[in-house]
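Q: What follows is each chain in one-letter form.
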Amino acid sequence: MKEEKFKELLNELGRHTTEEVSPDLCEEIKQNIPSRLPRHKINWDTISIIIDLRMSKSIAAAVIIISVILMLNWLGGRDPVGRDIFQDGMLFLEYWRDGAFDIASSKLKYQHLLRQGHDVIWYGDNVNQKDPNAVLFQYRLPDGTYEVTFVDGHAKKVTPEELVVLLARMVNKMK
Amino acid sequence: MANKAKKTEHIVDFTYLNDRKRNITLKKEYSRQKQNSLAARLSAGDPKAASELVDMYYQQIYLYMRRLGHDRQISEDLTQESFLNAWRYISQLRDGKALNGWLYRIASNTSKLYWRKHREVSGIEDIEVSDHNSTYEKVGHNEELEFLKNAVARLPMKLRQTIILHYMQQLTIAEAAEAEGIREGTFKSRLNRALKLLRKQAIRKGSLS
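Respectively, the protein sequence lines represent chains A and B. Position 143 (the first sequence) corresponds to 143 in our numbering; numbering is contiguous. Every position in the second sequence, counted from 1, becomes a number in our numbering once 1000 is added.
Certain hints may be false.
[To be verified] Which chain B residues stay away from chain A? Per the calculated CB distances, all over 12 Å, these:
{"#": "1", "residue": "S1031"}
{"#": "2", "residue": "Q1033"}
{"#": "3", "residue": "K1034"}
{"#": "4", "residue": "K1048"}
{"#": "5", "residue": "L1063"}
{"#": "6", "residue": "K1112"}
{"#": "7", "residue": "L1113"}
[Claimed, not checked] Listed next, the in silico EDC-like pairs over lysine to aspartate or glutamate satisfying Cα-Cα at most 16 Å (straight line):
{"#": "8", "chain 1": "B", "residue 1": "K1048", "chain 2": "A", "residue 2": "E27"}
{"#": "9", "chain 1": "B", "residue 1": "K1149", "chain 2": "A", "residue 2": "E12"}
{"#": "10", "chain 1": "A", "residue 1": "K7", "chain 2": "B", "residue 2": "E1144"}
{"#": "11", "chain 1": "B", "residue 1": "K1117", "chain 2": "B", "residue 2": "D1077"}
{"#": "12", "chain 1": "B", "residue 1": "K1149", "chain 2": "A", "residue 2": "E19"}
{"#": "13", "chain 1": "B", "residue 1": "K1196", "chain 2": "A", "residue 2": "E162"}
{"#": "14", "chain 1": "A", "residue 1": "K157", "chain 2": "A", "residue 2": "D143"}
{"#": "15", "chain 1": "B", "residue 1": "K1200", "chain 2": "B", "residue 2": "E1144"}
{"#": "16", "chain 1": "B", "residue 1": "K1112", "chain 2": "B", "residue 2": "E1180"}
{"#": "17", "chain 1": "A", "residue 1": "K30", "chain 2": "B", "residue 2": "E1052"}
{"#": "18", "chain 1": "A", "residue 1": "K30", "chain 2": "B", "residue 2": "D1077"}
{"#": "19", "chain 1": "A", "residue 1": "K30", "chain 2": "B", "residue 2": "E1146"}
{"#": "20", "chain 1": "A", "residue 1": "K109", "chain 2": "A", "residue 2": "E147"}
{"#": "21", "chain 1": "A", "residue 1": "K130", "chain 2": "A", "residue 2": "D152"}
{"#": "22", "chain 1": "B", "residue 1": "K1196", "chain 2": "A", "residue 2": "E19"}
{"#": "23", "chain 1": "B", "residue 1": "K1205", "chain 2": "B", "residue 2": "E1146"}
{"#": "24", "chain 1": "B", "residue 1": "K1188", "chain 2": "B", "residue 2": "E1146"}
{"#": "25", "chain 1": "A", "residue 1": "K107", "chain 2": "A", "residue 2": "D152"}
{"#": "26", "chain 1": "A", "residue 1": "K173", "chain 2": "A", "residue 2": "D143"}
{"#": "27", "chain 1": "B", "residue 1": "K1112", "chain 2": "B", "residue 2": "E1081"}
{"#": "28", "chain 1": "A", "residue 1": "K109", "chain 2": "A", "residue 2": "D131"}
{"#": "29", "chain 1": "B", "residue 1": "K1205", "chain 2": "B", "residue 2": "E1184"}
{"#": "30", "chain 1": "B", "residue 1": "K1034", "chain 2": "B", "residue 2": "D1055"}
{"#": "31", "chain 1": "B", "residue 1": "K1034", "chain 2": "B", "residue 2": "D1046"}
{"#": "32", "chain 1": "B", "residue 1": "K1112", "chain 2": "B", "residue 2": "D1077"}
{"#": "33", "chain 1": "A", "residue 1": "K5", "chain 2": "B", "residue 2": "E1144"}
{"#": "34", "chain 1": "A", "residue 1": "K30", "chain 2": "B", "residue 2": "D1046"}
{"#": "35", "chain 1": "A", "residue 1": "K107", "chain 2": "A", "residue 2": "E147"}
{"#": "36", "chain 1": "A", "residue 1": "K109", "chain 2": "A", "residue 2": "D119"}
{"#": "37", "chain 1": "A", "residue 1": "K30", "chain 2": "B", "residue 2": "E1144"}
{"#": "38", "chain 1": "B", "residue 1": "K1200", "chain 2": "A", "residue 2": "E3"}
{"#": "39", "chain 1": "B", "residue 1": "K1149", "chain 2": "A", "residue 2": "E8"}
{"#": "40", "chain 1": "A", "residue 1": "K7", "chain 2": "B", "residue 2": "E1146"}
These are calculated hints, taken from the structure and not from any lab test. C-beta: ideal position from N, C-alpha, C; glycine also.
Could you put the whole structure together from the sequences, leaning on the hints where they help?
A: This is how it looks when you write it as C-alpha cells:
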C-alpha cells in the first residue's frame, strides 16, 4: 500500500472517529474559570521554560556557573562594571569552550596521585588538545600495568608495550 | 469552438485552485494571529480570553481523550481537569505559536496521570467510526477505516499518541512534539515506528488494498 494513501486514511480516520460533545461540558468548564488568572511573572516556571528551550545541559550549566561567578564577584565588593567580572567571564568561557575542564580535572587527579607518592608522569602541557588519543598522564599501577588518562578525560588500563605505542603515536603527531 | 471552451474551463479551474490556496493561507494566518492574541491576553490574566480558549478547544480535548481510550464520562471529567490545570499553569504559556502544544501537553499529562492511577480498573473504550458512507462501494473503505482504528488501538501507548496527535488531532510535528514533551526528532522517529507497525499489521491482515 502506498505510504501517501496510508497517511490519507489516517487523516480520514480522524475525521470519522468523532462524536457529539455534550454542550453542558463547555458551560461546566467555563464556570470553573477563576475570576483572576495568575499573570505571567518571572519565577521558577520561567527558569523551567528557559531550560525547556531545548538548551543543551552543558550550556545551561555554564550559564548557571557564570551567574554564580558574577554574583560572587558582586557580593565580594568588586566593581560590578569593571574588567574583573568581564575577564573572569571570558576566561571561563574560553576554558569551557576548549575542553579545558577535562584537562584541569585530570591535572588535579595527577597532582593528588603525585602528592601520595605514586609513579605518575604528566604530558598535558605539550599535548595537542584536539587529538582525542593524546595522553595527559600515565600512572603506574602496583601490578606493573599503567593507567593512562586521555585529553577527553577518559582513562584506560594498558600494558607497558601498549603505553609505548600510545606515546610513540602521540609524539609522531606532535612533530 | 469546443477547444476554446475547454481552454476557458481550465483557466476557471486554475483560478478556483488559486483562490482556494489563498483562502487556506489566509485562514492559517488568521488562526495564527488569533492564537497569538489569545495567548497574550491569557498571559495578562484576562478571564474573557480563558472563556474563548474553552470555546476553541473543549471539543478537541474531549475527542483527544476519547481517542486515547477513555470512556465518555471519564473523557468529560479529564477535559474539565485539563482546563483546570491550564488555569493553574497559565504562566508557562509562552506565545501563540505554543498554544496548541501547551494545552495538549497539559491534556496528555492529565490523561497519563489518570492511567497511572486507574490502570487496573479502567479499560479502553473505543470511539466508534461514524458510518457516513452507506453506498455499496464505500463499504470496503469503511472496513479499511475500522481495521485501521483497531490497529491504532493496539499500538503501544507512546506510539499511539503520536498517531493520534499528528493525524487525528491534526497537530504539526512541532506542536505534537511539544505536547509529548519530547524533541521533534524523537517524535518523528516514534511516528515512523508507529507507521511501520501499522503497515506491518495491514500487510499481515491483508485487509488494506
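Q: Run every hint past the structure and note whether it holds.
A: Each hint tested on the structure:
no.	hint	result
1	S1031	18 Å, holds
2	Q1033	20 Å, holds
3	K1034	18 Å, holds
4	K1048	9 Å, violated
5	L1063	6 Å, violated
6	K1112	18 Å, holds
7	L1113	18 Å, holds
8	B:K1048 x A:E27	14 Å, holds
9	B:K1149 x A:E12	11 Å, holds
10	A:K7 x B:E1144	13 Å, holds
11	B:K1117 x B:D1077	15 Å, holds
12	B:K1149 x A:E19	15 Å, holds
13	B:K1196 x A:E162	47 Å, violated
14	A:K157 x A:D143	11 Å, holds
15	B:K1200 x B:E1144	14 Å, holds
16	B:K1112 x B:E1180	11 Å, holds
17	A:K30 x B:E1052	9 Å, holds
18	A:K30 x B:D1077	14 Å, holds
19	A:K30 x B:E1146	35 Å, violated
20	A:K109 x A:E147	12 Å, holds
21	A:K130 x A:D152	9 Å, holds
22	B:K1196 x A:E19	28 Å, violated
23	B:K1205 x B:E1146	13 Å, holds
24	B:K1188 x B:E1146	25 Å, violated
25	A:K107 x A:D152	12 Å, holds
26	A:K173 x A:D143	30 Å, violated
27	B:K1112 x B:E1081	12 Å, holds
28	A:K109 x A:D131	20 Å, violated
29	B:K1205 x B:E1184	31 Å, violated
30	B:K1034 x B:D1055	13 Å, holds
31	B:K1034 x B:D1046	15 Å, holds
32	B:K1112 x B:D1077	14 Å, holds
33	A:K5 x B:E1144	12 Å, holds
34	A:K30 x B:D1046	13 Å, holds
35	A:K107 x A:E147	14 Å, holds
36	A:K109 x A:D119	13 Å, holds
37	A:K30 x B:E1144	39 Å, violated
38	B:K1200 x A:E3	12 Å, holds
39	B:K1149 x A:E8	13 Å, holds
40	A:K7 x B:E1146	15 Å, holds
Consistency note: the structure conflicts with the earlier hints numbered 4, 5, 13, 19, 22, 24, 26, 28, 29, 37.
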